[in-house]
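Kindly generate the complete structure, drawing on both the sequences and the hints.
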Amino acid sequence: MQRRYFDYAATTPLDSEVLKEMLPHMEENFGNPSSVYSYGREARKVIDDSREKVAKIIGAQSKEIFFTSGGTESDNWAIKGTAFANKDKGNHIITTSVEHHAVLHTCKYLEKQGFEVTYLPVDEYGLIDLDDLRNSIKDTTILITVMFANNEIGTIQPIGEIGKIAKEKKILFHTDAVQALGSIEIDVNTLGVDLMSISGHKIYGPKGIGALYIRKGVKIDNLIHGGAQEKKKRGGTENTPAIVGFAKACELAESNLQEQIKRTIQLRDYMIKGILEGIPEVKLNGHPEKRLPGNVNVSIRYIEGESILLSLDLLGIAASSGSACTSGSLDPSHVLLAIGLSHEIAHGSLRFSIGKYTTKEEVDFVLDKLPGIIQRLRDMSPLYNV
Amino acid sequence: MYTDKVIDQFQNPRNVGELENADGVGEVGSPACGDIMKMFLQIEDGVIVDVKFKTFGCGAAVATSSIATEMIKGKTLEEAEKLTNSMVIDELGGLPHEKVHCSVLAEQAIKAAIKDYRSKHDTENKNEE
Numbered sequence: 221m222q223r224r225y226f227d228y229a230a231t232t233p234l235d236s237e238v239l240k241e242m243l244p245h246m247e248e249n250f251g252n253p254s255s256v257y258s259y260g261r262e263a264r265k266v267i268d269d270s271r272e273k274v275a276k277i278i279g280a281q282s283k284e285i286f287f288t289s290g291g292t293e294s295d296n297w298a299i300k301g302t303a304f305a306n307k308d309k310g311n312h313i314i315t316t317s318v319e320h321h322a323v324l325h326t327c328k329y330l331e332k333q334g335f336e337v338t339y340l341p342v343d344e345y346g347l348i349d350l351d352d353l354r355n356s357i358k359d360t361t362i363l364i365t366v367m368f369a370n371n372e373i374g375t376i377q378p379i380g381e382i383g384k385i386a387k388e389k390k391i392l393f394h395t396d397a398v399q400a401l402g403s404i405e406i407d408v409n410t411l412g413v414d415l416m417s418i419s420g421h422k423i424y425g426p427k428g429i430g431a432l433y434i435r436k437g438v439k440i441d442n443l444i445h446g447g448a449q450e451k452k453k454r455g456g457t458e459n460t461p462a463i464v465g466f467a468k469a470c471e472l473a474e475s476n477l478q479e480q481i482k483r484t485i486q487l488r489d490y491m492i493k494g495i496l497e498g499i500p501e502v503k504l505n506g507h508p509e510k511r512l513p514g515n516v517n518v519s520i521r522y523i524e525g526e527s528i529l530l531s532l533d534l535l536g537i538a539a540s541s542g543s544a545c546t547s548g549s550l551d552p553s554h555v556l557l558a559i560g561l562s563h564e565i566a567h568g569s570l571r572f573s574i575g576k577y578t579t580k581e582e583v584d585f586v587l588d589k590l591p592g593i594i595q596r597l598r599d600m601s602p603l604y605n606v
Numbered sequence: 002m003y004t005d006k007v008i009d010q011f012q013n014p015r016n017v018g019e020l021e022n023a024d025g026v027g028e029v030g031s032p033a034c035g036d037i038m039k040m041f042l043q044i045e046d047g048v049i050v051d052v053k054f055k056t057f058g059c060g061a062a063v064a065t066s067s068i069a070t071e072m073i074k075g076k077t078l079e080e081a082e083k084l085t086n087s088m089v090i091d092e093l094g095g096l097p098h099e100k101v102h103c104s105v106l107a108e109q110a111i112k113a114a115i116k117d118y119r120s121k122h123d124t125e126n127k128n129e130e
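So the protein sequences, as listed, match chains A and B.
Numbering of the first sequence is given in the working numbering, commencing with residue 221 and proceeding in unit increments.
Numbering of the second sequence is given in the working numbering, commencing with residue 2 and proceeding in unit increments.
No lab work stands behind these hints: they were computed from the structure.
Treat the hints with care, as some may be off.
Said to hold, decoys possible - Straight-line Cα separation of at most 20 Å, EDC-like style, residue types lysine to aspartate or glutamate; simulated pairs: (1) B:K121 x B:E92; (2) A:K589 x B:D51; (3) B:K6 x A:D533; (4) A:K436 x A:D407; (5) B:K74 x B:E99; (6) B:K53 x A:E336.
Unchecked claim - Partial selection, computed: residues in chain A whose CB lies under 10 Å from chain B: (7) L347; (8) D349; (9) D551.
We treat Cβ as the ideally placed atom computed from N, Cα and C, and that holds for glycine.
Laid out in structure tokens, this is it:
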């Protein structure tokens, strides 16, 4: 059966050009970058070059890039590192109710350690209110952490505005940009971001690699203690092949970003229009314009998300849902509840995420099959009365 | 994660629908939890002669409702009442751990429908007296 992938927000396939760059660093160039002899020096050079490329895509300097094991580690490091380094100045952190669990659960952990956390609410589109942010700031606020773009509903926050407020109040500003990287333009300087989490596997790079951008002059505590790697800030022998792959992925993403954005938005809007027009009682989640180019998220009334995913999977279509039944918990996605959806509607949510390999033919296939799947499930549902 | 039997019951559910003049109707679960099962029984001389279901829920919820209706069709009320969620799981060749609650719902839906029948039946008997 031909399979069709619509879950680029979960992970992406490795670009073959990325793989080609990585392979030599798994076999012949295996040296430890910390070693003084030629094997080590060669590996060191490769990592330095890679750091340049990663820095470039977000407008940073290479010395501001620190490689990590991925987005989750970067989020943990940014938040815990800032909290512990500034605990004498204050104990208050501001975040939002729609963050990724890597941020939310880190904040919950810090609450147990005596920190105070404000979770800003969002409107029906998933946007925070800047006045809410301003009003939440206290003398003890040491960090604002707001995600760049939401992984579930694709809503893009006003990062530049938040950066201005943070700067004005002299509070450090971290953003989880894992979903935004390679999808939209990012410049840490115009945005006024102090710390930024990014990851490789969402941009056709390898899994298990990411980075934390730390603005020059910003001091945070270490998370991973060990050797002198990453300028003594993150111990552990560098994952050279993954770093090389991540850098190549950044380079490729940057090289045709504008063209990619245009193409993806066209496909996205075509898909949204097709679903909304083809199926009754369906609602788009997230902001109509301020959303990631590849994000389609809809709530389908009277039915439950996992049963839709299963039906799609049986046709070879891979998608995602905010239904509790896909997570093993009883509660549906915290993001969908935060934008005001009832539990029932949140259970019937469906996310398709589009990427650089998605074709119009694939979208048409989904648009052709989805109405039938939904009708079949609605006919079985006690909530659906014709 | 699902057995072929679960997938088959989900794709080709048996006894989907409603019975207009059902003798017993049972509904369990809630939309907030993401699962609702509704069972309709037609009963003659203490035997379940027809059964239909409607389910809002995941693949496992549909599959457990469907197979449960097959397991009680043609059975006496006493036999049907003995149906447990583990019997449903066994019949499906297993369920992922996080889906066990679906089989519990199927058992409860049948018990609720039988209870509904009995309560109506008892009232009718009383009315006749």
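Query raised in the report: Does the CB of A:L347 sit less than 10 Å away from some CB of chain B?
Result: violated (26 Å)
Query raised in the report: Does B:E92 lie within 20 Å of B:K121 when you go C-alpha to C-alpha?
Result: violated (31 Å)
Query raised in the report: Holds or violated: are the alpha carbons of B:K74 and B:E99 at most 20 Å from each other?
Result: Since the Cα atoms of B:K74 and B:E99 sit roughly 27 Å apart, the hinted pair is violated (cutoff 20 Å).
Query raised in the report: Does A:D349 meet its interface restraint, that is, does its C-beta lie within less than 10 Å of any C-beta in chain B?
Result: Check failed: Cβ of A:D349 comes no nearer than 27 Å to chain B, outside 10 Å.
Query raised in the report: Taking 20 Å as the top limit, are the C-alpha atoms of B:K53 and A:E336 close enough?
Result: Judged against 20 Å, a Cα distance of about 53 Å means the pair is violated.
Query raised in the report: For the pair supplied as a hint, A:K436 and A:D407, is the alpha-carbon distance within the 20 Å limit?
Result: Holds. A:K436 to A:D407 sits at ~15 Å (cutoff 20 Å).
Query raised in the report: Close enough to count: is the Cβ of A:D551 nearer than 10 Å to one in chain B?
Result: holds (9 Å)
Report task. Would you mind confirming whether the straight-line C-alpha gap from B:K6 to A:D533 stays at or under 20 Å? Result -> Answer holds: B:K6 to A:D533 is near 16 Å, not above 20 Å.
**Report entry** Agreement of A:K589 and B:D51 with the hint, judged by alpha carbon distance not exceeding 20 Å
**Finding:** At roughly 33 Å apart (the allowed maximum being 20 Å), B:D51 and A:K589 break the hint.
Consistency note: the structure conflicts with the earlier hints numbered 1, 2, 5, 6, 7, 8.
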